[in-house]
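Q: Read off the chains here:
2 protein chains.
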Amino acid sequence: MASAEPESSQTPPPAGENDSELANLSKKQAKKEAQKAERLRKQQEAATAAAAAAAASAEADPFSGNYGDVPTEEIQSKAVSGRQWTEIGSLDAERAERMVLIRGAAQAIRPVSKKMAFLVVRQYVSTVQCVLVVNKEWVSPQMVKFATGLSKESIVDVEGVVSIPKDPIKGTTQQVEVQVRKLYCINRAMPNLPINIEDAARSEMEFEKAEQTGEQLVRVGQDTRLNYRVLDLRTPANQATFRIQCHVEDIFRRFLLSEGFVGIHTPKLVPGSSEGGAAVFKLDYKGQPACLAQSPQLYKQMAICGGFGCVFEVGSVFRAEDSYTHRHLCEFVGLDVEMEIKEHYFEVCDVVDRLFVAMFDYLNETCKKELDSINRQYPFEPLKYLRNTLRLTFLEGVEMLKEAGTEVDPFGDLNTEAEKTLGRLVREKYDTDFYILHRYPLAVRPFYTMPCYDDPTYSNSFDVFIRGEEIISGAQRVHLPELLTKRAEACGIDVKTISTYIDSFRYGAPPHGGFGVGLERVVMLFCALNNIRKTSLFPRDPQRLVP
Amino acid sequence: MASAEPESSQTPPPAGENDSELANLSKKQAKKEAQKAERLRKQQEAATAAAAAAAASAEADPFSGNYGDVPTEEIQSKAVSGRQWTEIGSLDAERAERMVLIRGAAQAIRPVSKKMAFLVVRQYVSTVQCVLVVNKEWVSPQMVKFATGLSKESIVDVEGVVSIPKDPIKGTTQQVEVQVRKLYCINRAMPNLPINIEDAARSEMEFEKAEQTGEQLVRVGQDTRLNYRVLDLRTPANQATFRIQCHVEDIFRRFLLSEGFVGIHTPKLVPGSSEGGAAVFKLDYKGQPACLAQSPQLYKQMAICGGFGCVFEVGSVFRAEDSYTHRHLCEFVGLDVEMEIKEHYFEVCDVVDRLFVAMFDYLNETCKKELDSINRQYPFEPLKYLRNTLRLTFLEGVEMLKEAGTEVDPFGDLNTEAEKTLGRLVREKYDTDFYILHRYPLAVRPFYTMPCYDDPTYSNSFDVFIRGEEIISGAQRVHLPELLTKRAEACGIDVKTISTYIDSFRYGAPPHGGFGVGLERVVMLFCALNNIRKTSLFPRDPQRLVP
Chain A
1 MASAEPESSQ
11 TPPPAGENDS
21 ELANLSKKQA
31 KKEAQKAERL
41 RKQQEAATAA
51 AAAAAASAEA
61 DPFSGNYGDV
71 PTEEIQSKAV
81 SGRQWTEIGS
91 LDAERAERMV
101 LIRGAAQAIR
111 PVSKKMAFLV
121 VRQYVSTVQC
131 VLVVNKEWVS
141 PQMVKFATGL
151 SKESIVDVEG
161 VVSIPKDPIK
171 GTTQQVEVQV
181 RKLYCINRAM
191 PNLPINIEDA
201 ARSEMEFEKA
211 EQTGEQLVRV
221 GQDTRLNYRV
231 LDLRTPANQA
241 TFRIQCHVED
251 IFRRFLLSEG
261 FVGIHTPKLV
271 PGSSEGGAAV
281 FKLDYKGQPA
291 CLAQSPQLYK
301 QMAICGGFGC
311 VFEVGSVFRA
321 EDSYTHRHLC
331 EFVGLDVEME
341 IKEHYFEVCD
351 VVDRLFVAMF
361 DYLNETCKKE
371 LDSINRQYPF
381 EPLKYLRNTL
391 RLTFLEGVEM
401 LKEAGTEVDP
411 FGDLNTEAEK
421 TLGRLVREKY
431 DTDFYILHRY
441 PLAVRPFYTM
451 PCYDDPTYSN
461 SFDVFIRGEE
471 IISGAQRVHL
481 PELLTKRAEA
491 CGIDVKTIST
501 YIDSFRYGAP
511 PHGGFGVGLE
521 RVVMLFCALN
531 NIRKTSLFPR
541 DPQRLVP
Chain B
1 MASAEPESSQ
11 TPPPAGENDS
21 ELANLSKKQA
31 KKEAQKAERL
41 RKQQEAATAA
51 AAAAAASAEA
61 DPFSGNYGDV
71 PTEEIQSKAV
81 SGRQWTEIGS
91 LDAERAERMV
101 LIRGAAQAIR
111 PVSKKMAFLV
121 VRQYVSTVQC
131 VLVVNKEWVS
141 PQMVKFATGL
151 SKESIVDVEG
161 VVSIPKDPIK
171 GTTQQVEVQV
181 RKLYCINRAM
191 PNLPINIEDA
201 ARSEMEFEKA
211 EQTGEQLVRV
221 GQDTRLNYRV
231 LDLRTPANQA
241 TFRIQCHVED
251 IFRRFLLSEG
261 FVGIHTPKLV
271 PGSSEGGAAV
281 FKLDYKGQPA
291 CLAQSPQLYK
301 QMAICGGFGC
311 VFEVGSVFRA
321 EDSYTHRHLC
331 EFVGLDVEME
341 IKEHYFEVCD
351 VVDRLFVAMF
361 DYLNETCKKE
371 LDSINRQYPF
381 EPLKYLRNTL
391 RLTFLEGVEM
401 LKEAGTEVDP
411 FGDLNTEAEK
421 TLGRLVREKY
431 DTDFYILHRY
441 PLAVRPFYTM
451 PCYDDPTYSN
461 SFDVFIRGEE
471 IISGAQRVHL
481 PELLTKRAEA
491 CGIDVKTIST
501 YIDSFRYGAP
511 PHGGFGVGLE
521 RVVMLFCALN
531 NIRKTSLFPR
541 DPQRLVP
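Protein chains in written order, with UniProt numbering: chain A, 1 to 547; chain B, 1 to 547.
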């Protein structure tokens, strides 16, 4: 066995001993220089030690074949060995006494003695404790040393026998252990990670406890998390969040497909400035002015004119707005629906109702494990929702606010504060966090919104709220080209720039309506997360374009 | 009954009768002026006639309530009547003698006499023949006149009784008729459509037949189709194409979800110029230089570093290349996969193999109706594919080409012609249109491609071909930051611009690989369509940004 801190002939002289050079340096410079030299010395020491250890091991250790770093060529598609890897998440009592081979990240490495060490290996959301004990058949002291010398988050292959410990294991998802026989490092992580997974995974409660005991814990800020997103994503809460996001999209799609909707893709590169609305990202398209679509609105309506009956789209949406809030992104994933209606925009509300109740049911029933993971770091109350979603008119909402002492303009929009308040009032009165507010003032809706038949100052439109925040906007659309032209002009839009869109309604256009919702917002509000950046894999806001 | 061409007191004097004005106009101008006045006169006449007819009908026709244009307010969400509409596609013999209400587009209107007319109504991909016969209970001659006066593609509500005709009906999908009792026009199409659906739906065979008989048929060119895409989309072939596209995406997703893959969304707005490869669309992101992602490559790899194990993405991909071919678009839908591999890039090929065989099987078994619709307009041979997809090395391909007299550089890429030839040779020898060519020269692959363990001039990469055209590119990736840096530099990429990406591999990175495929190309090549513009809803190429 090689010494832990070998003497090395290559160690450079300690910094600062060379007076002639030092004389020319300021104290600060000297310190820097010294630190640099120290780092270099340590690195060289470590390298020498590793080389010496490897050489010594190979010579002296009869079990040297049972561990080590896998040479590069072995992970360059050299061969298909036929070996089977077991998923860590499937390790349970049924596999007791059986031999398994697993691959994962070395999340925690705990040396107990020179003869024993624990290694917690993580794969996706699952973790298992691996035990190394020196024995006469497989594990040498050098192998224990190799294990304890691994840097955290290194990728390892572990071969061993599944065993059931006497006491329940805290801190791993799997309630069995692996008695290690072989341990190979596939890829080494750098020794000092910019953030530690356990720090990034702490709940507010842990910080509160630590404060009481005087313990110092590292708090990883939201920005730091995003700067090192690939590490941050490895926490149980983040693994769960993006799996839930995947489920939300999947339920959205499956529900609509089962009802005969057709999934479509509309262009994101559009001429001029789409919808004439909020700020857009402009670009040059082969010499033509173009911009990124703020929504698939005009195109999904054109798909209805194209005869598809009812369509949906899951696609990127771009907003160049300077919104520095917890709920705005410059790029997000839009879940969009457009459908023929026979008589009434309530047909669209019916789809919203059934789709989201089905979605919430599914998440609660099927994603318990993921919701628990989020809850452990970011505790939240389960969403309250009714079997039939509550529908209030805008004026009923205004009235409720008025009764509670909040005056709002019955022809204006609700601001974020009023929405929050109304959400609270609705929850108190109707016991739901999810409801539809419809018949909005026409003036606060886009030009393509159908006015009410009985009062053109109101419109056949609706918003949907979760926990007091707007999440869905929908409406019946104007399918009459003359009225559409009039409304566009009234909204200050240059009709020439949307002539193809307006013309689409001249060839026989069915009455229709639809809605749009942001995928990231659904996940954020269902799980009551406080920041939409937590539900976007690599978020884009006015200040962030990386990573 | 009102006269068809009533005398009107409001008719203006024929143009050209005002001599004093005419004297000052050139002949050409005079003609223009005359045409304009004539148009105006006709429009006014028609309006007057319609008004008179409506008034007369209401007075004289006891059945006037059974037909007519639905007033605007009735289609502005006035009420929920509780009426049930039946889907045209579900009309069959089982509904005989039953009353139904249907809504669709008036695809064809054929007057037989003043007492009888046929109306073919279309909904999505289904059509049914509706029969109007004057009778004493429901249908007046005025109602038949109203029906025959409808413009093609107008949206109508038809109420009537389902009947079974003696002879099979040619030209409609449904083999029953509807004996009309009520007929309302929901939305009128303009009388002269820019393209007719039947013209847009013709097959090459119809043109050939017509040529023999001397019949003149209108041929709708690809550009005209795209200019009036909402009409073009109504053809059976197009309805089928985009339903198949939806299925392809759905099978892709369902297959991968069933194997534990996580669906993700990566940003399309990226800093600098992504991958340092081909031309990108540049834009200004809040003062920072940015561009549109050419692929989710770097981000899907970072998701693997984020611990998701295996991921897929369906999302927009942007290429600013000046490629004027039948198979290139400036914007398309990328189907992307990235996954940890244990030993070999064959693990990625295995996924390609199983996924696409499952996809082709599904399309052939479940989408017969849609494939028939495409086949009728664009006949094609079914795709030949093996249960286990053929894998040839690049050098084996080069050898096959050489034997057939085509010399290609064993260290270069195959050009389109060589790919076509090889496709033919493979088909002859192995009886398949679908195969994998792997171990490409390193020099022709992107910097992030893993070199072969035994020969660094070759790489752990593959392309997949359908009908002699490349459709999928995939590879094992370099997960070693030092090698990745070296490869990026060798490919002339400024490593500073991708430092976050490279750093992602310093925190413990598993070996991994993946592939990407264009959704539009899959549909195009499976159905042997000759132009990718046929499989993009609103295609974008270097010359087309509208509609």
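Watch out, some of these pointers could steer you wrong.
In this list, chains with the same sequence are indistinguishable; a pair is considered to hold if it fits within one copy or across any two.
Simulated crosslink set (EDC-like; lysine to aspartate or glutamate; CA at most 20 angstroms straight-line) [unchecked claim]:
(1) Lys429 <-> Glu407
(2) Lys342 <-> Glu87
(3) Lys78 <-> Glu347
(4) Lys282 <-> Asp541
(5) Lys286 <-> Asp223
(6) Lys496 <-> Glu211
(7) Lys145 <-> Glu159
(8) Lys282 <-> Glu321
(9) Lys486 <-> Glu407
(10) Lys286 <-> Glu97
(11) Lys136 <-> Glu417
(12) Lys286 <-> Asp541
(13) Lys420 <-> Glu94
(14) Lys166 <-> Asp284
(15) Lys152 <-> Asp431
(16) Lys170 <-> Glu198
(17) Lys429 <-> Glu321
(18) Lys286 <-> Asp372
(19) Lys369 <-> Glu259
(20) Lys486 <-> Glu417
(21) Lys182 <-> Asp250
Because the hints were derived from the structure by calculation, they are not lab data.
Q: Evaluate Lys429 and Glu321 at a C-alpha cut-off of 20 angstroms and name the case that applies: within, between, both or neither.
A: neither (35 angstroms within a copy, 58 angstroms between copies)
Q: Can you give me the call for Lys182 and Asp250, within, between, both or neither, at a CA distance of at most 20 angstroms?
A: neither (40 angstroms within a copy, 42 angstroms between copies)
Q: At 20 angstroms max between alpha carbons, let me know whether Lys486 reaches Glu417 within a copy, between copies, both or neither.
A: neither (33 angstroms within a copy, 54 angstroms between copies)
Q: For Lys282 and Asp541, with the copy left unspecified, which applies at a CA distance of at most 20 angstroms: within, between, both, or neither?
A: Answer is both: 16 angstroms inside a copy and 18 angstroms across each meet the 20 angstroms cutoff.
Q: With 20 angstroms as the alpha-carbon cut-off, assign the pair Lys136 and Glu417 to within, between, both or neither.
A: Classified as neither: same-chain Cα gap 70 angstroms, cross-chain 64 angstroms, threshold 20 angstroms.
Q: Given a CA cutoff of 20 angstroms, do Lys420 and Glu94 count as a within-copy pair, a between-copy pair, both, or neither?
A: Close neither inside one copy (50 angstroms) nor across copies (53 angstroms); limit 20 angstroms.
Q: Measure nothing new, just compare the shortest in-copy and cross-copy C-alpha distances for Lys486 and Glu407 to 20 angstroms and report within, between, both or neither.
A: neither (32 angstroms within a copy, 65 angstroms between copies)
Q: State whether the alpha carbon distance between Lys286 and Asp372 is at most 20 angstroms within one copy, between copies, both, or neither.
A: Classified as neither; 50 angstroms inside a copy, 38 angstroms across copies.
Q: Treating 20 angstroms as the Cα threshold, decide for Lys342 and Glu87: within, between, both or neither.
A: Close across copies (12 angstroms), not inside one copy (51 angstroms); limit 20 angstroms.
Q: Should Lys429 paired with Glu407 be assigned to within, between, both, or neither, using CA atoms and 20 angstroms as the limit?
A: within (19 angstroms within a copy, 80 angstroms between copies)
Q: Using 20 angstroms as the alpha-carbon threshold, which applies to Lys496 and Glu211: within, between, both, or neither?
A: neither (63 angstroms within a copy, 41 angstroms between copies)
Q: I want to check one pair: Lys286 and Asp541. Are their C-alpha atoms no more than 20 angstroms apart within a copy, between two copies, both, or neither?
A: between (27 angstroms within a copy, 10 angstroms between copies)
Hints 6, 9, 10, 11, 13, 14, 15, 17, 18, 20 and 21 from the earlier list are contradicted by this structure; the remaining hints agree with it.
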